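Chemist: With the sequences and hints as input, model every part of the structure.
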Amino acid sequence: MTLKQTGKLLIAATLLLGNVVWAGLTATVDRSIISDLDLITLTVRASDETADATLDFSSLEQDFKIITESNRQNSSMSIINGRRTSVVYKDHVLTLSPKRMGNLLIPSFSAGNDRSQPITIRVQQQTASQRQRMNQFVFFETLVDTNDTYVQGQIIYSVKLFYTDAIGGDFPQPPSLPDTVVEVLETEK
1 MTLKQTGKLL IAATLLLGNV VWAGLTATVD RSIISDLDLI TLTVRASDET ADATLDFSSL
61 EQDFKIITES NRQNSSMSII NGRRTSVVYK DHVLTLSPKR MGNLLIPSFS AGNDRSQPIT
121 IRVQQQTASQ RQRMNQFVFF ETLVDTNDTY VQGQIIYSVK LFYTDAIGGD FPQPPSLPDT
181 VVEVLETEK
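Position one of the sequence shown corresponds to residue 1 (the numbering used here), numbered consecutively onward.
Don't read these hints as lab results, they were simulated from the structure. All values reported here derive from a predicted model rather than from experimental measurement. Where a beta carbon is used, it is the ideal one built from N, C-alpha and C, also for glycine. Incorrect hints may have been included.
Computed Cβ-Cβ distance ranges for the label pairs, DEER-style [stated by the list, open to error]:
{"id": "1", "residue 1": "V151", "residue 2": "P175", "range": "15 to 21 Å"}
{"id": "2", "residue 1": "L185", "residue 2": "V151", "range": "36 to 42 Å"}
{"id": "3", "residue 1": "V151", "residue 2": "Q125", "range": "43 to 49 Å"}
Listed below are the simulated DSSO-like cross-link pairs for lysine-lysine, each with C-alpha atoms no more than 30 Å apart in a straight line [said to hold, decoys possible]:
{"id": "4", "residue 1": "K160", "residue 2": "K65"}
{"id": "5", "residue 1": "K160", "residue 2": "K99"}
{"id": "6", "residue 1": "K65", "residue 2": "K90"}
{"id": "7", "residue 1": "K99", "residue 2": "K65"}
Modeler: Structure representation (structure tokens):
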């Protein structure tokens, strides 16, 4: 076999293997080591035949809280030496919050005959320096309009969230007090 034939064979093998890599189901995360207050982004990519499959993420709820979930569908086409190759894939993007510390497992997901690989996430307690740095970027301020009130009187309790960057998650629930009626006067902005 000549050098020219070997080169052509390698190129053909690379093109064939390249198509195999695109097929199937893959799961990736933006980080594998996080603190107990961090959020991670899980992206599950379904391509070709599995792109239209519905994925079940309920198995995540054992170790993670699903904060957000969105889908993006993409397609690409390439023409090389007159040969057309097209790939269709759908990304399922989830923002997750860990429920506990330790080594947590993002399980494998399946669609049709394809299966993603499980991913281990190490969740550590937030260090004092991380906590201090976070307090510079985000904090709550709570205020009441009066210190004294009468029976059936009104107290306005305000909660303000200050932050310097985009944040996500749940806003605190209204206070729960015995023998009182709590009404939300203004929703989150």
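Chemist: None of the hints should be skipped; say for each whether it holds.
Modeler: Hint check:
1. V151 with P175: 15 to 21 Å: holds (18 Å)
2. L185 with V151: 36 to 42 Å: Violated - the Cβ-Cβ distance for L185 and V151, about 20 Å, lies outside 36 to 42 Å.
3. V151 with Q125: 43 to 49 Å: This hint holds: roughly 45 Å between Cβ atoms.
4. K160 with K65: Given that 30 Å is the threshold and the Cα spacing comes to 24 Å, the pair holds.
5. K160 with K99: Status holds; Cα separation ~25 Å.
6. K65 with K90: With a Cα-Cα distance of about 22 Å, the restraint between K65 and K90 holds, given a limit of 30 Å.
7. K99 with K65: holds (7 Å)
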